[in-house]
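Assemble chain B onto chain A, guided by the hints.
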Amino acid sequence: KAGVTQTPRYLIKTRGQQVTLSCSPISGHRSVSWYQQTPGQGLQFLFEYFSETQRNKGNFPGRFSGRQFSNSRSEMNVSTLELGDSALYLCASSLVGVSGELFFGEGSRLTVL
Amino acid sequence: DQQVKQNSPSLSVQEGRISILNCDYTNSMFDYFLWYKKYPAEGPTFLISISSIKDKNEDGRFTVFLNKSAKHLSLHIVPSQPGDSAVYFCAARAGGTSYGKLTFGQGTILTVHP
Numbered sequence: 009k010a011g012v013t014q015t016p017r018y019l020i021k022t023r024g025q026q027v028t029l030s031c032s033p034i035s036g037h038r039s040v041s042w043y044q045q046t047p048g049q050g051l052q053f054l055f056e057y058f059s060e061t062q063r064n065k066g067n068f069p070g071r072f073s074g075r076q077f078s079n080s081r082s083e084m085n086v087s088t089l090e091l092g093d094s095a096l097y098l099c100a101s102s103l104v105g106v107s108g109e110l111f112f113g114e115g116s117r118l119t120v121l
Numbered sequence: 008d009q010q011v012k013q014n015s016p017s018l019s020v021q022e023g024r025i026s027i028l029n030c031d032y033t034n035s036m037f038d039y040f041l042w043y044k045k046y047p048a049e050g051p052t053f054l055i056s057i058s059s060i061k062d063k064n065e066d067g068r069f070t071v072f073l074n075k076s077a078k079h080l081s082l083h084i085v086p087s088q089p090g091d092s093a094v095y096f097c098a099a100r101a102g103g104t105s106y107g108k109l110t111f112g113q114g115t116i117l118t119v120h121p
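These protein sequences, in sequence, are chains A and B. Each residue of the first sequence is one higher than the one before, starting from 9 at the first, in the numbering used here. Each residue of the second sequence is one higher than the one before, starting from 8 at the first, in the numbering used here.
If you are wondering where the hints come from, they were derived from the structure by calculation, not from laboratory data.
Using 27 Å as the maximum straight-line C-alpha spacing, the simulated DSSO-like pairs for lysine-lysine come out as follows:
id	chain 1	residue 1	chain 2	residue 2
1	A	Lys65	B	Lys12
2	A	Lys21	B	Lys45
3	B	Lys12	B	Lys78
4	B	Lys63	B	Lys12
5	B	Lys108	B	Lys12
6	B	Lys63	B	Lys45
7	B	Lys108	A	Lys65
8	B	Lys12	B	Lys45
9	B	Lys45	B	Lys108
10	A	Lys65	B	Lys78
11	B	Lys61	B	Lys108
12	B	Lys45	B	Lys75
13	B	Lys75	B	Lys61
14	B	Lys78	B	Lys63
15	B	Lys45	A	Lys65
Values in this document were obtained by computation on a predicted structure and should not be read as measured data.
Next up, chain A with everything else stripped away, as it sits in the complex (with noise of 0.2 Å):
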């Protein structure tokens, strides 16, 4: 079974600029979430979707933004990049009502200069 996926892994990008994040979960699963990570800050909380609605969200300014498809995929958008939202984002998927875990995929790293 595959597990959650993420693209890219790997992103550079300038000030100023805009990023979009593609994560695909696991089979079956539902909702999503996605979290920054930061040596600062730690795992932050940023956004959860299911069933094409945001369910939840984390104390990130707008310019933090994202979206679900019918599929269940999800995309995340970053508008107007600053050198702080440099970050590991990871997407996670859970099967909501059975357990309580979430599943994370490897994250895409983004660096922004």
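Okay, now just chain B, sitting in the frame of chain A:
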């Protein structure tokens, strides 16, 4: 406001001995707790979880203990193996919130020496 705290940034243990990783929380609404292991350049991997209605959960070499009155949980690894060397994260979910929202601690780097 750090609601989940792992006060030990690192822990070093000899192979075969017990590793004990600790986690404290402040939010009384947390009712489900999880431990994840993370290797460099990989995503976190789920280890074990515990609901607030229990005080202990075991899975092979891993046991999690929950002390609700002290708002404290711990992960015991017995016996420790060199392959257990990784960063361990404690995470918590508040009752009534969606499944995908976890609050993580800062992590503890475990090093198991052969």
